[in-house]
Amino acid sequence: MSQDNKVKTTESSPPAPSKARKSLPVLDPSGDYYYWWLNTMVFPVMYNLIIIVCRACFPDLQHSYLVAWLVLDYTSDLLYLLDIVVHFHTGFLEQGILVMDKGRISSRYVRTWSFFLDLASLVPTDVAYVQLGPHTPMLRLNRFLRVPRLFEAFDRTETRTAYPNAFRITKLMLYIFVVIHWNSCLYFALSRYLGFGRDAWVYPDPAQPGFERLRRQYLYSFYFSTLILTTVGDTPLPAQEEEYLFMVGDFLLAVMGFATIMGSMSSVIYNMNTADAAFYPDHALVKKYMKLQHVNRRLQRRVIDWYQHLRINKKMTNEVAILQHLPERLRAEVAVSVHLSTLSRVQIFQNCEASLLEELVLKLQPQTYSPGEYVCRKGDIGREMYIIREGQLAVVADDGITQYAVLGAGLYFGEISIINIKGNMSGNRRTANIKSLGYSDLFCLSKEDLREVLSEYPQAQAVMEEKGREILLKMNKLDVNAEAAEIALQEATESRLQGLDQQLDDLQTKFARLLAELESSALKIAYRIERLEWQTREWPMPEELVEADNEGETGEGTSKGGEVRTGQEGTPCPK
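Per the UniProt record's numbering, the sequence shown starts with residue 1, numbered consecutively.
Because the hints were derived from the structure by calculation, they are not lab data.
Watch out, some of these pointers could steer you wrong.
Unchecked claim - FRET-style restraints, in silico, Cβ to Cβ: (1) K171 x G408: 19 to 27 Å; (2) V336 x D505: 39 to 47 Å; (3) L172 x T274: 14 to 22 Å; (4) F115 x Q308: 52 to 60 Å; (5) L518 x R451: 39 to 47 Å; (6) R108 x G408: 55 to 63 Å.
Here the structure is a predicted model, which means the values were calculated and not measured.
Virtual Cβ for every residue (Gly too), placed ideally from N, Cα, C.
Use the sequences and the hints to build the structure in full.
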């Protein structure tokens with residue numbers, strides 16, 4: 001009994017808690033951590049891409065700093081190994097969802113070419129140092145297989161940087177430097193193979209004063225390669241076949257490099273011009289138009305100053321066209337982050353639904369006014385309202401000089417004219433002259449855009465009309481009697497419309513009944529006709545017709561004028 005109880009106690013006791021192993025988190029391939037890791041991998045890849053070939057072609061460089069090279073080599077190898085670990089913990093998108101399962105991530109990564117290249121770049125070729133010695137850096141050429149990580153880092157940086165065109169030019173210059181660097185190393189190696197100082201084309205004999213220094217060797221080779229690849233000329237003529245082949249290869253490389261540089265620079269310039277055209281309106285067409293139409297010089301100067309102000313201060317007037325390719329929700333979020341604080345200052349828009357403000361933000365049109373330019377004049381038809389983003393505007397008299405008030409950033413005007421408030425004594429006419437004192441940036445919201453948005457928000461429309469009514473009451477510009485008359489007229493119109501709708505529904509019901517009765521009558525008539533046809537088929541034929549049929553069968557038919565006796569109604573008489 002005691003043994004059984006002991007066994008049961010052992011079986012029922014819970015297992016001892018084990019310490020949970022901490023594992024590396026899964027990285028988002030579009031996140032910041034992965035991006036910064038790619039930028040970290042740029043250094044070991046560039047180190048191997050530039051230094052290995054230089055150490056292989058310049059023996060003095062390899063022998064002088066052997067310890068430093070070994071430390072840097074194995075540090076880069078450690079980063080290469082960590083890069084593989086990072087890829088085993090980097091998720092991927094499947095049907096738009098980031099996969100976080102490490103098992104699936106690992107199985108997917110090991111089936112890609114990137115995994116085999118990463119493994120091949122870490123093959124321990126340094127083991128051959130045991131036989132060949134540590135002064136053979138060419139054994140590490142397999143480290144070049146990690147170059148795709150460099151291109152990936154450059155692509156990510158180009159999409160993230162605020163100056164993509166400048167980055168493209170910098171990347172192009174880096175590629176040119178690497179090509180010239182490799183070519184200079186190969187030139188020095190070829191000179192050593194052919195013999196230093198053998199002719200004027202190869203590197204001079206290091207025994208000459210100054211040419212034995214390592215810095216002079218590299219700079220001379222780099223300068224010589226630059227002359228060849230830029231096709232500047234002024235290089236000694238080759239004297240041996242190897243030299244001719246090297247020059248021909250360099251000339252072909254120079255032609256391809258020149259085409260690549262021209263294409264890249266053309267692309268950068270085109271992108272810059274396209275960006276300028278997207279951000280700022282084309283002033284060349286306007287200038288040409290004014291010149292052809294002989295517009296006075298003063299007005300031309302104002303137009304040119306307006307364009308110049310936009311470019312100098314980086315102001316845009318076509319935000320809708322710039323953001324048009326973004327998804328609607330993302331475009332709304334961008335517009336909200338930029339303009340929502342300005343729109344929420346307007347009194348009639350305060351305490352409105354967030355979705356309504358998001359819709360209105362997308363309708364805002366930025367406008368820039370020059371000094372002395374009128375935004376609106378007294379008596380103009382009000383089709384839009386304005387919100388001051390930056391600058392100062394003055395409410396002036398009809399003479400344009402006397403100022404009644406100055407409006408600054410955050411204020412607004414014209415909001416009453418775009419809301420149809422019953423009893424508005426001013427109607428939709430402007431009641432003041434508004435003139436810009438300097439360069440002023442405004443947001444414009446048209447009546448059509450507001451009406452389109454409010455059609456989906458009837459409650460918000462009622463709230464805004466009530467706020468506008470309160471503003472008019474404070475300004476003593478609300479005719480209560482006219483408002484009551486309009487409300488009564490609207491109610492009468494609505495009641496008439498409801499009556500017409502009811503009458504229309506009744507007519508539709510009657511018409512549907514008539515159609516149903518017509519279809520029923522048509523079916524009954526068709527049934528009766530079919531029934532009569534079946535009844536006539538069962539009637540027996542008269543004796544005269546039987547005899548006539550028999551005579552017709554024996555060839556003794558009656559004459560053409562023969563008649564058949566019928567009944568009074570012209571039908572065969574039954575027996």
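Each hint tested on the structure:
1. K171 x G408: 19 to 27 Å: With a Cβ separation near 46 Å, K171 and G408 fall outside 19 to 27 Å, so the hint is violated.
2. V336 x D505: 39 to 47 Å: The hinted range 39 to 47 Å holds for V336 and D505, with Cβ atoms some 44 Å apart.
3. L172 x T274: 14 to 22 Å: Cβ of L172 to Cβ of T274: about 19 Å, so the range 14 to 22 Å holds.
4. F115 x Q308: 52 to 60 Å: 56 Å, holds
5. L518 x R451: 39 to 47 Å: With a Cβ separation near 45 Å, L518 and R451 satisfy 39 to 47 Å, so the hint holds.
6. R108 x G408: 55 to 63 Å: Taking Cβ atoms as reference, R108 and G408 lie about 59 Å apart, which means the hint holds.
Of the numbered hints given earlier, the model fails hint 1 alone.
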